[in-house]
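If you want the building blocks of each chain, they are given just below.
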Amino acid sequence: MNIDQFNILSVGVGGQGVIRVTQILASAALLDNYHVRTAETHGMAQRGGSVSGYLRFGELVDGPLIPAGFADIIMALEPLEAVRNIKYAGKKSIIFLNDKRILPLSIYQSKKIVYPDFDEILANLKKITNNVFFIKATDLAEKAGNAKTSNVIMLGVLIGSGILPLSKENLEISIFNNIPAKAKEINKIAFKLGIEEGKRIRSELN
Amino acid sequence: MSDIPVIAQNKPGKKLIMLGNEAIARGILEAGVIIAAAYPGTPSSEIMPALAKCVPYHPELRVEWSVNEKVAFEIAHAGSMSNVRSIAVMKHVGLNVASDAFMTACYHGVRGGLVVISADDPSQFSSQNEQDNRYYGLHAIAPVFEPSTAQEAKDMLKYAFQFSEENNSVVIFRTTTRLNHGRADVEFGKILKLDRTPEFDWDRHRWTCVPSSTRPQRTEILLRMKKMKEKADDFPFNELTISEEKINGKRYGFIATGIAHAHMIDALNFHGIKDKVSILKLGLVNPLPQKLIKKLMTSVDELLVVEELEPIFEEQCKAFAYDWSLGDKVRIHGKDFLPQQGEFKPETLITQFAKFVGIDYTPPESTTLDIIVPPRLPQMCPACSHRNIYWIMKQFSKKHKMKFVNNSDIGCYSLGVYKPLEMVDTMLCMGGSIGMANGFAKTMPDDILVTAFLGDSTFFHSGVAPLINAVYNRNNMLIIISDNSFTSMTGGQDNPSNGITLTKEQGTKILIENVVKGCGVPEENIWVHEAYDMEGLKEKFEQAVKAKGVRVIIPRHMCSLQEMRLVKKNKIKLPIIKVDHDVCIGCQTCVRQFGCPAINFDYEIRKASIDQEQCRGCKTCIYICPSNAFYVVKE
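Line by line, the protein sequences are chains A and B. Residue numbers for the first sequence, in our numbering: 1 to 206. Residue numbers for the second sequence, in our numbering: 1 to 635.
Okay, chain A solo, but in the shape it has when bound:
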């Protein structure tokens, strides 16, 4: 496919696998013969803090960072982190949120700091773009047989929704290259469930 650039921002909490999903998408993009750039949070930010993975691929891609307002996809493995990174969203962005909350410890330090309701998160993100979707990734992952496959569910959703300009086959190869061999079957199921969920969303995209 000949595109100038495609920008994906993956966000979440240290330990959730943000770097891994960024790496999987990057390898898939290379298999599809794109120029690829990523930037990732390592080091101190991984100690349970907010983590971002920037991925850019296409003909006109030199730097690894996404300009504010120009993420094509924001994939939040934790919903609050999408709101934290709202500056990257623009009118055309599509936002997917794994509906699993991870409470930040800061909510215990002041009564004024509370974890917002999902409705409030949705309303705030929708100020920027209509395309905001909560994914029951953990439920689906449990259906696949292991809650830990929730990131693969999310990757399946990206493909199923039809908005990710990467081939399904190469993304699958890239997923399998990045997981232990014994987990292959279960992830295959998870990927499929994610794709079905993505297809369901396809009709709601505008």
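These are calculated hints, taken from the structure and not from any lab test. It is possible that some hints are incorrect.
Calculated cross-link-like contacts (lysine to any residue; reagent style SDA-like; alpha-carbon spacing at most 25 Å) [stated by the list, open to error]:
#1 B:LYS276 to B:VAL357
#2 B:LYS571 to A:LEU31
#3 A:LYS92 to B:ILE371
#4 A:LYS112 to B:ASP602
#5 B:LYS53 to A:ALA181
#6 B:LYS190 to A:LEU31
No experiment lies behind these values; they were computed from the predicted model shown.
Given the coordinates of chain A, assemble chain B onto it according to the supplied hints.
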């Protein structure tokens, strides 16, 4: 062949996605380097483990985690003196530690190519400052290379050794976080095999630093830099593109290096003006290529220097323009358009370039949120042993109304500065905790307890000398060396405390208490204790506070992240901890004061609970809970 890790394979032309740091490791391998030494530090930490993977297949490589950057550099310098290609790898502040050796080594010059990697951290993602180490090139009169992509990092590094040997000069190889920690497509080159046996030349006039040696070397180093300046225009990674086109009647030019160059190209493409402006891309950032710069200056009306952090090129370019009487022909800009603090954000360049060339551009609207996003700061992990000793210190301070001046250090325990512990009063640099405690021992009254808090790796790095200072001068203090056997903050590297080397072989394990004893702390002033045994640890801490002189407590428990790896590998069953909701009184001590990430609190039922996915079964919550609501589930 398939068993050999990809990075170690001699397959020129192979293309793959690599982390910048892996590409750098590959560059070291391709250059035919023999000696590589480093101390881990973000954003450089992944370079050595990637290189270590190559050692079994390239046994001529000799790699190590050194105890600090100065030692790492000295090892590389000796490697160069032994006529083999050598490298020292560190983060930007690591070069400060190594600088004593580095500054004079530059006088000596090289035999085998000698490169020092300085991984800078604009925006301070994981660093105490954002110093710009390009200055070290000007300071030490040494050439500085800076790549702008992972591919270039690999290729340029390979060239850096050749350049070092041709110019008899140490080369600084500067990278920044977004290059180190970004992935990109990389194509492999050939692995050089330089058939050189390490040998020394016993040239004492050259390799010693008595003034009679280094005074004439100062003359030589100036001469070498003069020669490098003359050749800077032919540097293969500098690239000048001149455009005759004008935008709104004016010709525009840009100078950039490193990751800033990549962002700059993106921003120019964004406005569709990349081919309408002249661009000088610098790979050699010290010395600057003067002919290329002159050509650029005489080809444009307005010049923008796009450099992150300090205005190093900008100031030199302005001086050149003065020397060349171009001051009224070209206007040179830099920090008047672009920030001097933090990494460049693409949106900043897009907006500022529009202003610079006079294009109308409205950035996308930003939204005001009507919710507050709770901060999510980094924190100590569940079951982290540092939290335990901090807790004991804090409770003691409260109970006895005793004030502390707690000098902390660089490591995971730095996070004790944040809520809920807030136990860190000062923090400066590696080993600075004991150093500063020496000072506070002289200034604080007796009723204030002066403490120093550091980890095992930091103690070995820079803590020993200030400990000797404390003992020698009788600067009384209580030192906590929280030993978790790993260099944890940078990703769990091995160190003398566990005795495993970079290549995962058995080195010599060094017991901290033996070092402390050797430094002159009397045996009765040393307490070593299991960090998960809170009762016992508290008792030891109280004894230590009461004792006089220099006292050292060593709470010891393996880094919980590393321990979890063993638990997984050996399928060990962890104790399951739960909260008895009939006993929990909802006081929130566990979440508000202790702050283990595995403990949640439900405000509707006002009870604590354990997140079983995160809990690592250390049982410390059982100790800290005032109402004994936490318990171990019986099998």
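Please flag the earlier hints that this structure goes against, numbers listed from lowest up.
-> 2
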